[in-house]
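S.K.: Sequence:
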Amino acid sequence: MWKEIVSISPPYHFDRVLERLSLDPLNAVSLEKREVRLPLRNQAKKPGIVTVRAIGTADAPEFLVSGTDDQSAMMDEVKRIFQWKESLQPVLDHFSKTNLSQLFEEHAGTPLVLDFHLYHCLMKCIIHQQLNLSFAYTLTERFVHAFGEQKDGVWFYPLPETIAGLDYADLRALQFSMRKSEYVIDTSRMIAEGGLKLDELGSLTDEDIMEKLVKIRGIGPWTVQNVLLFGLGRPNLFPMADIGIQNAIKRHFGLKDKPTKEEMLEMSREWQPYLSYASLYLWRSIE
DNA sequence: AACCAGGGAAGAT
DNA sequence: ATCTTCCATGGT
Numbered sequence: 001m002w003k004e005i006v007s008i009s010p011p012y013h014f015d016r017v018l019e020r021l022s023l024d025p026l027n028a029v030s031l032e033k034r035e036v037r038l039p040l041r042n043q044a045k046k047p048g049i050v051t052v053r054a055i056g057t058a059d060a061p062e063f064l065v066s067g068t069d070d071q072s073a074m075m076d077e078v079k080r081i082f083q084w085k086e087s088l089q090p091v092l093d094h095f096s097k098t099n100l101s102q103l104f105e106e107h108a109g110t111p112l113v114l115d116f117h118l119y120h121c122l123m124k125c126i127i128h129q130q131l132n133l134s135f136a137y138t139l140t141e142r143f144v145h146a147f148g149e150q151k152d153g154v155w156f157y158p159l160p161e162t163i164a165g166l167d168y169a170d171l172r173a174l175q176f177s178m179r180k181s182e183y184v185i186d187t188s189r190m191i192a193e194g195g196l197k198l199d200e201l202g203s204l205t206d207e208d209i210m211e212k213l214v215k216i217r218g219i220g221p222w223t224v225q226n227v228l229l230f231g232l233g234r235p236n237l238f239p240m241a242d243i244g245i246q247n248a249i250k251r252h253f254g255l256k257d258k259p260t261k262e263e264m265l266e267m268s269r270e271w272q273p274y275l276s277y278a279s280l281y282l283w284r285s286i287e
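The opening residue of the first sequence carries number 1 in UniProt numbering; numbering runs sequentially from there.
Source of the hints: derived by calculation from the structure; they are not laboratory data.
Just the calculated beta-carbon pair ranges, DEER-fashion:
{"hint": "1", "residue 1": "Y168", "residue 2": "E266", "range": "38 to 46 Å"}
{"hint": "2", "residue 1": "E182", "residue 2": "D59", "range": "43 to 51 Å"}
{"hint": "3", "residue 1": "E4", "residue 2": "Y168", "range": "40 to 48 Å"}
{"hint": "4", "residue 1": "E141", "residue 2": "I55", "range": "29 to 37 Å"}
Everything numeric in this text was worked out from a predicted model, so none of it was measured. We put the CB at the ideal spot given by N, CA and C, even for glycine.
With these hints in hand, go ahead and build the complete structure from the sequences.
M.R.: Structure follows, in structure tokens:
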């Protein structure tokens, strides 16, 4: 058992992170203890649990992180997932002079938090395509309960190899559409067979990743943008085609109709190079 | 009951 | 290249 105390640069509102994580029933969150238990795998893909507990405040963020083994590797993962090396203050300063200043005041200190693994992120994005959030969560939960594994009350996402071995009918039985079943299983097979190496994506540019992934059947621009944002934590993504983003902009600016692509391009110009945070807070504003 | 949902592929122009 | 249609299913 190892323990480590980490201080990071403010602002960082971890209680908001926990509230957000608790929306997904698969996450092992305790708002009372101010902690989340993370399902992480070591290099041998053996499941292990790392606990992250807030012991500070938004203005003096401090955390107690603990786990059972692989301290160094697990700490790197935690820092990556919660973006502890990024400072939110420059982002806040940047938006104070823009048409989103109010939104950024409301969400000050809210970080971008990544999915726990790139494969989870990719599968979740495919599952979420074109579905309302409620049903999408239901499908994701069924998927993990059916093919993932549980350890000490924490759910671990299935491995690509497991999903690669399924038949389309296995997912149809969970009320996946035939198309979605094909997208999920075929992509998992590609990953399991080495045709798509997720580990190597991190070293590529956004544009190269887009070009590479959209060639895969079932993965379009929206999915890649979401993977870049929530899988890899890239800072400058603005999924304009996303219905949620459009609705959020409509509401935030009191528009009569959903914004056009041109309008969105125009209003987002001053958000660069932090488009991802604008996207994130716009999404939050309608949740 | 009709329309929508944090899309994407396949076909048509 | 860009536009249209279809896919499937639960939510509102």
